[in-house]
Amino acid sequence: MVLSNGGRGQRSQGGSTGFSDASGFVPGTSEGAQEMSLRRATVKEELEREAGMRERALKEGFDPWDMSVDTGEDQTMIINMGPQHPSTHGVLRLMLELDGETVLRTKTVIGYLHTGMEKTAEELTFVQGATNVTRMDYLSPLHNELVFSMATEKLLGIEPPPRATWIRTMLCELNRLSSHSTWMATNGMDLGATSMMIYGFREREMILAFLEKVTGLRMNHNFIRPGGVAADLPDGWEDDVAAICDTFPRRLEEYDELFTGQPIFRERVEGVGVISPEDALDLSATGPLLRGSGVAWDLRRSMPYLAYEELDFDVVAGTYGDCFDRYAVRLAEMRESVKMLRQMTDKMPSGDYRALDKKITPPPRGRIDESMEALIHHFKVFTEGFKVPEGEAYVAVESPRGEIGCYMVSDGSNKPYRCHIRGPSFVNLQALPTMLRGALIADAVAITSSVDPVMGEVDR
Amino acid sequence: MEGELPGAAAAASGPALEPFPLVTGETEIGPEPDPAAFGALLQQSSGQRVLHVPRESYFSLVAALKNAGYEMCADLCAVDYLASPNRRLPEGVSPGRFEVVVNLLSLCRAARIRVRVQVGESDPVVDSIFPLYSGTEAMEREAFDLFGIHFRGHPDLTRILMPEDWEGHPLRKDFGIGRVPVRFKEAPGRR
Numbered sequence: 001m002v003l004s005n006g007g008r009g010q011r012s013q014g015g016s017t018g019f020s021d022a023s024g025f026v027p028g029t030s031e032g033a034q035e036m037s038l039r040r041a042t043v044k045e046e047l048e049r050e051a052g053m054r055e056r057a058l059k060e061g062f063d064p065w066d067m068s069v070d071t072g073e074d075q076t077m078i079i080n081m082g083p084q085h086p087s088t089h090g091v092l093r094l095m096l097e098l099d100g101e102t103v104l105r106t107k108t109v110i111g112y113l114h115t116g117m118e119k120t121a122e123e124l125t126f127v128q129g130a131t132n133v134t135r136m137d138y139l140s141p142l143h144n145e146l147v148f149s150m151a152t153e154k155l156l157g158i159e160p161p162p163r164a165t166w167i168r169t170m171l172c173e174l175n176r177l178s179s180h181s182t183w184m185a186t187n188g189m190d191l192g193a194t195s196m197m198i199y200g201f202r203e204r205e206m207i208l209a210f211l212e213k214v215t216g217l218r219m220n221h222n223f224i225r226p227g228g229v230a231a232d233l234p235d236g237w238e239d240d241v242a243a244i245c246d247t248f249p250r251r252l253e254e255y256d257e258l259f260t261g262q263p264i265f266r267e268r269v270e271g272v273g274v275i276s277p278e279d280a281l282d283l284s285a286t287g288p289l290l291r292g293s294g295v296a297w298d299l300r301r302s303m304p305y306l307a308y309e310e311l312d313f314d315v316v317a318g319t320y321g322d323c324f325d326r327y328a329v330r331l332a333e334m335r336e337s338v339k340m341l342r343q344m345t346d347k348m349p350s351g352d353y354r355a356l357d358k359k360i361t362p363p364p365r366g367r368i369d370e371s372m373e374a375l376i377h378h379f380k381v382f383t384e385g386f387k388v389p390e391g392e393a394y395v396a397v398e399s400p401r402g403e404i405g406c407y408m409v410s411d412g413s414n415k416p417y418r419c420h421i422r423g424p425s426f427v428n429l430q431a432l433p434t435m436l437r438g439a440l441i442a443d444a445v446a447i448t449s450s451v452d453p454v455m456g457e458v459d460r
Numbered sequence: 001m002e003g004e005l006p007g008a009a010a011a012a013s014g015p016a017l018e019p020f021p022l023v024t025g026e027t028e029i030g031p032e033p034d035p036a037a038f039g040a041l042l043q044q045s046s047g048q049r050v051l052h053v054p055r056e057s058y059f060s061l062v063a064a065l066k067n068a069g070y071e072m073c074a075d076l077c078a079v080d081y082l083a084s085p086n087r088r089l090p091e092g093v094s095p096g097r098f099e100v101v102v103n104l105l106s107l108c109r110a111a112r113i114r115v116r117v118q119v120g121e122s123d124p125v126v127d128s129i130f131p132l133y134s135g136t137e138a139m140e141r142e143a144f145d146l147f148g149i150h151f152r153g154h155p156d157l158t159r160i161l162m163p164e165d166w167e168g169h170p171l172r173k174d175f176g177i178g179r180v181p182v183r184f185k186e187a188p189g190r191r
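Taken in order, these protein sequences are the chains called A and X.
Just so it is clear: in the first sequence, position 397 is 397 by our numbering, and no numbers are missing.
Just so it is clear: in the second sequence, position 69 is 69 by our numbering, and no numbers are missing.
Keep in mind that a hint or two might mislead.
[Claimed, not checked] Straight-line C-alpha distance at most 20 Å; calculated DMTMM-like pairs for lysine to aspartate or glutamate:
{"#": "1", "chain 1": "A", "residue 1": "K213", "chain 2": "A", "residue 2": "D240"}
{"#": "2", "chain 1": "X", "residue 1": "K66", "chain 2": "A", "residue 2": "E278"}
{"#": "3", "chain 1": "A", "residue 1": "K415", "chain 2": "X", "residue 2": "D174"}
{"#": "4", "chain 1": "X", "residue 1": "K173", "chain 2": "A", "residue 2": "E390"}
{"#": "5", "chain 1": "A", "residue 1": "K339", "chain 2": "A", "residue 2": "D246"}
{"#": "6", "chain 1": "A", "residue 1": "K119", "chain 2": "X", "residue 2": "D174"}
{"#": "7", "chain 1": "A", "residue 1": "K44", "chain 2": "X", "residue 2": "D127"}
{"#": "8", "chain 1": "X", "residue 1": "K173", "chain 2": "A", "residue 2": "D411"}
{"#": "9", "chain 1": "A", "residue 1": "K119", "chain 2": "X", "residue 2": "E167"}
{"#": "10", "chain 1": "A", "residue 1": "K213", "chain 2": "A", "residue 2": "D235"}
{"#": "11", "chain 1": "A", "residue 1": "K380", "chain 2": "A", "residue 2": "E153"}
{"#": "12", "chain 1": "X", "residue 1": "K173", "chain 2": "A", "residue 2": "E123"}
[What the hints assert, rightly or not] Derived, one-sided and incomplete: chain X residues facing chain A with beta-carbon distance under 10 Å:
{"#": "13", "residue": "A111"}
{"#": "14", "residue": "P131"}
{"#": "15", "residue": "F175"}
Calculated from the structure, these hints are not laboratory results.
Keep in mind the model is a prediction, meaning the values are calculated, not measured.
The beta-carbon is built from N, C-alpha and C at its ideal position, and this holds for glycine as well.
In isolation and in its complexed conformation, chain X is listed as follows (with noise of 0.2 Å):
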């Protein structure tokens, strides 16, 4: 084909786009967060590493993680521990009935960090991670709508997989699944 094209020359004359620099992950990182600090204590789950600490540091120690290196929400979830109260947990860690679980990804270490938060059953409330993590703002709506777990400062705290109306958190254990009775009789005749 000759010449050029009409809208090639206009894509060309349009607001040219700054091109961004390759992100390789080969930067200058900080040494990681003492858990003590924070009253979190670090173990050893399936060759992964996990820190557990309490609700009140919670949102610092994620923020710390964060300067740390770790740019990366890459999950949240809960977990609903009703049906397993003993649990094995490290010394020091006392059991809450709510569990939330916050796996951080560092691109520049290539690591993974689990941050374990346990949360009473009588107020189920922790700090929303929003502020440091924008990707959050769907788990956390999700572990909200399945759990009933209540994220202090998120901004739009509603359901997001399951109906407005619905009630309850389908997710926790004493949720029963609902079960609609197969009928395995002969379809009633026409009359």
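Chain A extracted, bound-state conformation (with noise of 0.2 Å):
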């Protein structure tokens, strides 16, 4: 194996074999650079990569240095934007090879978010856990909370009733239309119209402030517990979904006038970051992304978990896979999110809100100054949690950003053994290569913002 120097010859080419025992290192490996190398100093695989070639080059046995980039490596440029550029949302550094205006190649470059919340999880009870994996992805915080809690539910073996998860659906479709919004929010203030950006931004608010009547926080609600959620639905809460049901439509009308019908935003996304249904599969892109290149899967219909199956609605796939298409799914998503609220007020079951296992959920408040055993239960559920037999299992979700998984390994006591969360834009940002491709440098603001990826869950 040849291993590139990353241009500083730093790394040693020592291949594969040689291993220190003590540390476990890799010495070929472990200190090499980040960023982008000249090409010369890139091996051939990272090259087809960078340039978002690869499926190319695998079926038609392309040769990248024969590829049109051959501008000589004199007349490029290698430069940064991010990580600290306003259209990155938040901290993403793209590395791009330019000639003149146009890119050649492009490397992400991630990690400075990086919190370390797997290693935390180790450390907190399942009870704990959902604090911790809500904070990821901040735009959609009940996803995270919801893949955590059934993947624990899944390793334990319980089903939560039915009203917990109906309001579990709800919540999670109420919670896809604030962060489409924000996605709205953001995109039409990357591409220059600012009021998008308000507009966006007080639909947004308006779920929030519901959110946080149900929860009592506007982010971060750790709601979703394993064995169900939190409390039950407030007084009056069909009245004030039916008002976000009966105000969404009308605003989207709105959107779709200030974009669809616009030229200048049209001139910017379409034919622009096409992604082919082939490339995206093979570096595993979900959600909108996906859809958006015209493959209609979506996990809520192709794998049905929660109360999706007895709801009406429709997948929205794209033809072209550019960014006009990820546009157009995200906006037709949020009408059929508005389609399934209308239905879930009416078929809302009533019943418990969470499961009746003392030893998994709390008893409720009142139970506790009248009974002994409630009080003891209660203490033990919040200090020293529940116990998760010995298990493995690998739990999706769709999350407005695509598959959000969860794999939860548990040693048979409190606290989770390993938990990995399988990040949706961690894994879509690998797209960008691709979609990048022979676009003029303004179109990476607009193409970057496509894939709308949250930095929260992407260095997680």
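Bring the two chains, given one by one in their own frames, into a single complex with the hints.
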């Protein structure tokens, strides 16, 4: 195996067998540069990947040194976009090799927001865990909690009662609406439609106000917990949801007019950042990015969880796989979410909002004053937590950004042995080189925005 | 608004895009590969299908699964079993300190399958499946960064989440969590 030296001559060329047993380090690789290096210092596969040519290279035996990147390296330049660039939605750093204004190669450099949440999860009990994971994807916290809770329940072998399931479904769809509104807002901002920033956040605020009413917090709710949800819905929730369902379609019409009917916006997004369905699948892209390319894959429909099987909704897929299709898919998904919310207000069952297993969920507050046993259970759940049988499971749900998965390993104690979160935008960001190849530098903003990365979940 | 705006005319005159065919996943698929041919064991874990495969035939098994309709590698991660040496494994699988866990997804079957590979402590090397699924690039780098597992054939195995000059691999069980001691003292005065 040939290792690139990152243009710095720092890496040893020792191949793949020289291990030092004491530390377990791999000497050939542990100190490599993460930046983009010169073309001559990059291995072939990596060059293909950075040039967004991987699929073509595999299929047609394409030689990357032959590619029309053949502007000599003395005529191109490698520039940094980010990590503080306002259109990178946080701290995403793109390294771009440019020929004039055309992007030849892209490399994403991430990790600026890494806080070791998977390590932290191993130190927290299953009861505390939801508080931790909810901070990963801060635009759709409920989906993080959901996937964590579902993985825990899978290992416990319990099913939450129907009302808990329906409350979860409803909150997740509301969360999808607020997340997509935020995306509309920031995407508009990135493309110069500054007023959209205010409209999108107005709609988001409406949902967050309702979520605050239900969960007590605007963000990072810690509301979906193993065994069910933290509390029942407040009185009069039907009216609030009905108000949201009445307002949103009107507002979506406005967005449609503001974006779809506007030539300046369409010029910026049509035919920009095209990714083929084969490439999207190969790069493990999920969510609106995959559906925008015409792959009608939605976990809510294809591998149903929660109450989605009983709801009537359409899976929206694009045709051309460009930025406009990804915008259109999200806009249509918001309409579908409203459609689902209307059905849920009618179908919401009555009953318990959490599993009645006293070892897993705390007893009602009122019982603690009357029953010694309830007091003990309450104390035990919040101090020691509950023990989860040995095992491992992978659970995935459809978040606004794509498949968010949780691979949970338990060794029989009250803390996860390993809690790995598969972040959808961490994976989706790998599609950037393919979409950016041959685009103009100004389109890089539109394309990055169309992926909808949330750096809190990319870096975890 | 009457008449076309100049922008719209320009958009119409640009190079026309080819529409992609809608992929609904209703395609002809071959049978799943026989695990025994790869020395692998099929097991049910929490109702999910898991394949335990030896390191030597890991790559060829994943390649066979890809050919059998598993179009996407949904997730790849590693686990360090240092603190849990007596874990439950099917008979015939000799435990290693690390485990690489790959979750494959088949769109045409609407099914998942998990592949678990045991990786020893003394030579934590496993074949990279980047040649099969390009989407594993970042996932394998993450597993390398946090566990120190080397993926043979990966084009750019560098740290991805931790800084370049970081020492050690933080998700290993023998890597302690750093704590900044909290001081509950009155703040010192100005003078």
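Against the structure, the hints:
| no. | hint | verdict |
| --- | --- | --- |
| 1 | K213(A) to D240(A) | holds (10 Å) |
| 2 | K66(X) to E278(A) | holds (13 Å) |
| 3 | K415(A) to D174(X) | holds (17 Å) |
| 4 | K173(X) to E390(A) | holds (18 Å) |
| 5 | K339(A) to D246(A) | holds (11 Å) |
| 6 | K119(A) to D174(X) | holds (12 Å) |
| 7 | K44(A) to D127(X) | holds (18 Å) |
| 8 | K173(X) to D411(A) | holds (13 Å) |
| 9 | K119(A) to E167(X) | holds (16 Å) |
| 10 | K213(A) to D235(A) | holds (10 Å) |
| 11 | K380(A) to E153(A) | holds (19 Å) |
| 12 | K173(X) to E123(A) | holds (11 Å) |
| 13 | A111 | holds (8 Å) |
| 14 | P131 | holds (8 Å) |
| 15 | F175 | holds (8 Å) |
Going down the numbered hints, you'll see the structure goes against none, and every one checks out.
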